[in-house]
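K.L.:
Let's have the full structure, built from the sequences with the hints guiding it.
There are 6 protein chains.
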Amino acid sequence: MEDLQRRADTLIEALPYIQQWAGKTIVVKYGGAAMTDPQMQDNVAQDLVLLRYVGINVVVVHGGGQRITEMMKRLGIEPKFAGGLRVTDAETMEIAQMVLVGDVNQQLVSLLNAAGGRAVGLSGKDANMIISRKKESSEGDLGFVGEIVSIDTEVIHVLTEAGFVPVISSIGGDAEGQSYNINADTVAGQLAGELQAVKLVTLSDVAGLLEDPDDPTTLISKLTVSEAKVLIADGNVAEGMIPKLESCIQAVAGGVERAHIIDGCTAHALLMELFTDAGIGTMISTE
Amino acid sequence: MEDLQRRADTLIEALPYIQQWAGKTIVVKYGGAAMTDPQMQDNVAQDLVLLRYVGINVVVVHGGGQRITEMMKRLGIEPKFAGGLRVTDAETMEIAQMVLVGDVNQQLVSLLNAAGGRAVGLSGKDANMIISRKKESSEGDLGFVGEIVSIDTEVIHVLTEAGFVPVISSIGGDAEGQSYNINADTVAGQLAGELQAVKLVTLSDVAGLLEDPDDPTTLISKLTVSEAKVLIADGNVAEGMIPKLESCIQAVAGGVERAHIIDGCTAHALLMELFTDAGIGTMISTE
Amino acid sequence: MEDLQRRADTLIEALPYIQQWAGKTIVVKYGGAAMTDPQMQDNVAQDLVLLRYVGINVVVVHGGGQRITEMMKRLGIEPKFAGGLRVTDAETMEIAQMVLVGDVNQQLVSLLNAAGGRAVGLSGKDANMIISRKKESSEGDLGFVGEIVSIDTEVIHVLTEAGFVPVISSIGGDAEGQSYNINADTVAGQLAGELQAVKLVTLSDVAGLLEDPDDPTTLISKLTVSEAKVLIADGNVAEGMIPKLESCIQAVAGGVERAHIIDGCTAHALLMELFTDAGIGTMISTE
Amino acid sequence: MEDLQRRADTLIEALPYIQQWAGKTIVVKYGGAAMTDPQMQDNVAQDLVLLRYVGINVVVVHGGGQRITEMMKRLGIEPKFAGGLRVTDAETMEIAQMVLVGDVNQQLVSLLNAAGGRAVGLSGKDANMIISRKKESSEGDLGFVGEIVSIDTEVIHVLTEAGFVPVISSIGGDAEGQSYNINADTVAGQLAGELQAVKLVTLSDVAGLLEDPDDPTTLISKLTVSEAKVLIADGNVAEGMIPKLESCIQAVAGGVERAHIIDGCTAHALLMELFTDAGIGTMISTE
Amino acid sequence: MEDLQRRADTLIEALPYIQQWAGKTIVVKYGGAAMTDPQMQDNVAQDLVLLRYVGINVVVVHGGGQRITEMMKRLGIEPKFAGGLRVTDAETMEIAQMVLVGDVNQQLVSLLNAAGGRAVGLSGKDANMIISRKKESSEGDLGFVGEIVSIDTEVIHVLTEAGFVPVISSIGGDAEGQSYNINADTVAGQLAGELQAVKLVTLSDVAGLLEDPDDPTTLISKLTVSEAKVLIADGNVAEGMIPKLESCIQAVAGGVERAHIIDGCTAHALLMELFTDAGIGTMISTE
Amino acid sequence: MEDLQRRADTLIEALPYIQQWAGKTIVVKYGGAAMTDPQMQDNVAQDLVLLRYVGINVVVVHGGGQRITEMMKRLGIEPKFAGGLRVTDAETMEIAQMVLVGDVNQQLVSLLNAAGGRAVGLSGKDANMIISRKKESSEGDLGFVGEIVSIDTEVIHVLTEAGFVPVISSIGGDAEGQSYNINADTVAGQLAGELQAVKLVTLSDVAGLLEDPDDPTTLISKLTVSEAKVLIADGNVAEGMIPKLESCIQAVAGGVERAHIIDGCTAHALLMELFTDAGIGTMISTE
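Residue numbers (the working numbering), protein chains in the order written: chain A, 18 to 304; chain B, 18 to 304; chain C, 18 to 304; chain D, 18 to 304; chain E, 18 to 304; chain F, 18 to 304.
The hints are simulated quantities; they were obtained by calculation from the structure and are not laboratory data. A quick note: this is a predicted structure, and the numbers were derived from the prediction, not measured. Positions of the beta carbon are idealized from the N, C-alpha and C atoms, including for glycine.
Some residues of chain C that are not near chain B, with every Cβ distance over 10 Å (derived):
(1) Lys41
(2) Ala50
(3) Gly82
(4) Gly101
(5) Leu102
(6) Lys152
(7) Glu164
(8) Val166
(9) Ile168
(10) Ala250
(11) Asn253
(12) Glu256
Simulated crosslink set (DSS-like; lysine-lysine; CA at most 25 Å straight-line):
(13) Lys97(F) / Lys151(F)
(14) Lys97(A) / Lys90(F)
(15) Lys41(D) / Lys41(C)
(16) Lys41(C) / Lys239(C)
(17) Lys246(F) / Lys152(F)
(18) Lys90(A) / Lys90(F)
(19) Lys97(E) / Lys90(D)
(20) Lys41(A) / Lys239(A)
(21) Lys90(A) / Lys97(F)
(22) Lys41(F) / Lys41(E)
(23) Lys239(E) / Lys41(E)
(24) Lys41(B) / Lys41(A)
(25) Lys246(D) / Lys152(D)
(26) Lys246(C) / Lys152(C)
(27) Lys97(B) / Lys90(C)
(28) Lys90(C) / Lys90(B)
P.N.:
Listed below in structure tokens is the structure:
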């Protein structure tokens, strides 16, 4: 009985936050270890379903580079990278799309549905959602690595209004039907802006942005967009963090109130970020 | 941080229950000490607002006999009772309406709104919601004590669909505009049926129905409608419990799945009833 | 038969006015003797219901100072006034709310419903409609006399769209749930502006604004806002008329086309004002 | 002022009737002298527009045999009749349609619009509303005299929901586009049934059904369907009245509560019928 | 089978054009020989119905001067013209309205419905659609020849949204219900602008605008508004073409993208114009 | 010009069929060579997009066994079959889902979008659309070969009402998120019934059902359900045709009017089937 009381108290403590976010849109970039560890997967899925049930329009974006690499190796193809980007020839593109849309995406859909949600998987090619084109690079020809030309959010609105949770693979297409491999952080950042989301939450493998990447106690809790840009320009951001931080900058520039990088491997990190004052991880905002 | 984790875990434990009740209607009969003790009031208000936010259509019904008696005494009028019912002459009816609609109801509305809800106070006379007539009694003429002729739920639907929480005083009216004092348990029971609610939850001052009214360890957790009727017929129900139990019987007869009598003075009893398997208090159902 | 013909002719004469007002919103400030005399009550109720049936969105605002004073005296409390305003300590506030919301309001609801309408009583605390704060006064501390901070008309729109007639007590609340006693003319004037009403009609005990308050033949039929302000500044308005006239000024400043002060004791004065060219009473407009 | 009072009283007397009919559909068969006399026309138009403004869905059906005959004579064609029906060869059909749809109908539309309504003229061919076929007759070949096969009320619903008053010429069509001349009483009677109207009101040149056609004091106020059938079978109905009475019988058989034959030349006869208890003219109902 | 294949290929060739026009509004001015020759009538009707089925909001405007003249002659009245406009006395106006609304319009409705459409005939007087006034003329008093004061498109939107095809006679009315005879090209041109149509297509008896009116090989395919004005000013447009060209100029000035004059006697000219890149006839656009 | 005329004539010939199918739902089972040959793909995509534009709700279901086999071979895994069904161990299931959802489905989406449509790819796991379970087989344990437990069509309705074309992979899921490989013909047949489609059209590699499988001239044009069952029972259906024919039988049993097996390699076979009286291929109906 005492335990029941404590539980009820906890639910009540969440009430002000539920009131704050109800009816708003939140984009979650799902990735890293949180996407591969079964226990972490369940935790994230429960968080996302709970958010949907308390009235938040949840939109999930995912990548899956590691799974693409695995499948390429199983097929005897050696992945190539240039400047941190996957060189994507036609065969690689075919494999990337197959793995992201047919495997990673469907696993997330399964997880969310098993947790009681009603998820619908989408690629950026569905409903012509993400129109993209070849990304020019100083690293040479990267093949079908793409950048975003425009985003049409109609199918997302149609699905969220009907209570579904869209789960989006970071694949774009052009008018001729050619697929492009787009960085998932970039998709999440730009989509959050297009949807006028109140938050972009990026799940990463670390606690957030660290002043000293090797020292987890040096977490930067709060960062303005201009401070973030200086950090990147000065080379003070770990390489893997750069696209995440740039995605946050882009989101805030696009009108999103706050962007967050949090540790997806902490159980229920999403709830902790949304349902406490302090928040967790690193928060990027205009000022 | 550990504390945050525990909180998040608790929210997640509520998820299956939220899924179960979302979109359903629950009628709460509010009364007893839970309605007078400030701390208990806040607890109940928070519970009701939380239920609304997780998608439950909450409808509150209240009485307030004690407050009517207090006001009568302040006005130098001696309350009279016959067979447990307040003999309600014209002056008493005027005071009862004034106290219930203008005082008790508005206090509940204030509580719910201060807790973040959007409550709207109603009497059964508003929108011709509760059509009533004089209740004939073997105890003689009880004046304007009323019974329900019919309930028109349109204004409740209009308000709940717009996200409001209707708070209803147990006053009815007839075609000529005469007010009637109706037992609040009766209103709650019949209204729950008309609304096809999934639950009627009655807040009382005790833990539920007790086999031995003097021994709180003899709580009856579960009761069928026919068992409940036998208990009443055999005189084994404490007098104050009879209208509450009859209200539960009426609700279940009207199609409500489950009716509950719980202790409104236990902090967050409503949440504990709805968000745990075991439930608390006494549950009445068809079988 | 001839009589029938005359009746039909009269209905037809109303047609151009019905066309003019159909679909528009009209706020009626109900008060004075029209609110206490049973015959006058019936007349006003019929007028209001007829207006609703010919397609006008009718919103009623009422006060009830006299009834509050009566109840205070019954309770042995001496009312105190300062600068024409009721000094409202906590006990007075409790009584005022009880009388206005639980008694006066419910009587109006009964009257309208008996006349065939579908009225719903509201206080400014319902649905957080009227957010208010303590009114500072040069007369010293007036207690819980309030002024309006903001008005949220959502619940009014929800109810009028469903065909109901909202009847509003001039009580406001703040974020903590404290009630405030607000002048009903002020509520009516500001609400008319927020609702973008075409008319505010104030029912008073006299024929309108008189040049010589003692001479009913000196009715001022038409007044611009600036003329009205000069009249007040010059001290040429009877004290009881000042809040009514200020309410009209406020309404017109808020965008209401025309504000009227008419004699609520004339049978069917509302219809006469709306359904004749000449109108009755005093009309205040921009120019 | 006294006059104003009397007018207001009259409006209020109409209130119970307005409540009774608001939101219901009433079909008016317009014909006879009421359709040709300018003063009568204005009266009827005002009545119809008033009914629309107090929330009644008004649908008007008209014929115009006299005008067809006039035009035929102007064109040097001799009208022929058989058994009371116009023998309608191709040329006659062309003229009938031209006169009804292009002249009579448009005049009614003009009248209603000048009275403040928003009328839309329709023939039964518009939107395939009245599908008809050649009427077989014991009188021999009547040409394009038609009977009704089916009625599609969609266009009527679309227009009345948008606040328009449909004015319908009694012309039908078949799948090949051939026009048919249909008795307007028949169209009104059957259409009233299809629309589930509460009333069919037929405007005629006499006060109603008379026991002695030559004695206006012998008005039959009330008639059951079976009594009406007996009257016709016994030859006790004036010839011109037979189609009107049959139309009423058909309407009531189709589910219309009450059908009326009233004197369209009495000023505002429609209002008098609808807005008094006694009603005027002859009323036909099930029992 | 080969033939089937060719048919399917043709349908597929239309696909890009269907995509281009779906959901858009197109006003078609119907007139000339295409309106009198039965084979041509069927062709045009099929075209219009097909356009409606592939998602285009089709609105048809027609005149019918020749039919008016015929009827006047049958009635022994000599038509008079001044400056190319019909001098329209009261009797002529009556005949014009009767012929246009009751005859020509209903024939078009029949044609469209026989082709599988759901057409609804309207005059500009219906629903007060076309408010007009007497047109002053340098040619003297032309009687009831009218010009357009304003157009209210509500009834057109109500009907097209419900899937109907409005067919409009070029008759206008004023507030008193007086009818006016308006040039149908003028109605079509102005209506296209009010509806923000993407196209006005005028069906004429010739292939389009010819440099040399006697030489059909001198078709002008494309014309800017300013070029068109110069052509008229220089007297290089055949008299019958002037109102058509002015109507196109007016439409384009009103915001219509493109206006076309095409040969209504060419089978399926409408489809050919809409469903080919080259188009047919003369096209007028801003530049 | 003559060519334009012929094209227009062809469009007009399609009009009656467009009228017949507009607003109806048609399920297309896409498979065989039509799904692999680029030219055939384009043809089918154009047909599907055209159908959508003329108002038909098109739903596409696809399998892709050949592509699964190819990918398994690339991964060095030997496909196993039992009784015509793919033995589907966990690894095979993963590959099947990846190929169907991530590759075949996305190619169809690209094709439809490149043809001007707005396609959205779905698996049966999205939105819990196809709930399935392990299919018991007399051939032994087939692994994750599934059968359908239930279909929830909500996401399909949401998407078709918004104008999208759902493209569905024949993958189902259970409550725990396990994927099942379901025969695409079975999915199409059952889904057509659930959607109350008017037609199921199965694209195959042959002209339809042949009396003599080796003789294309022995096409059976029309077949009742009972005749079809006899054919199967008697072993007179080619093995590859059996699931297609059973799917048609199931659809018709589920309420679909007509089911068709046509040659997907004939250019625009879908249009030819829908837009001609004769139809092509084999048609199965109740009688």
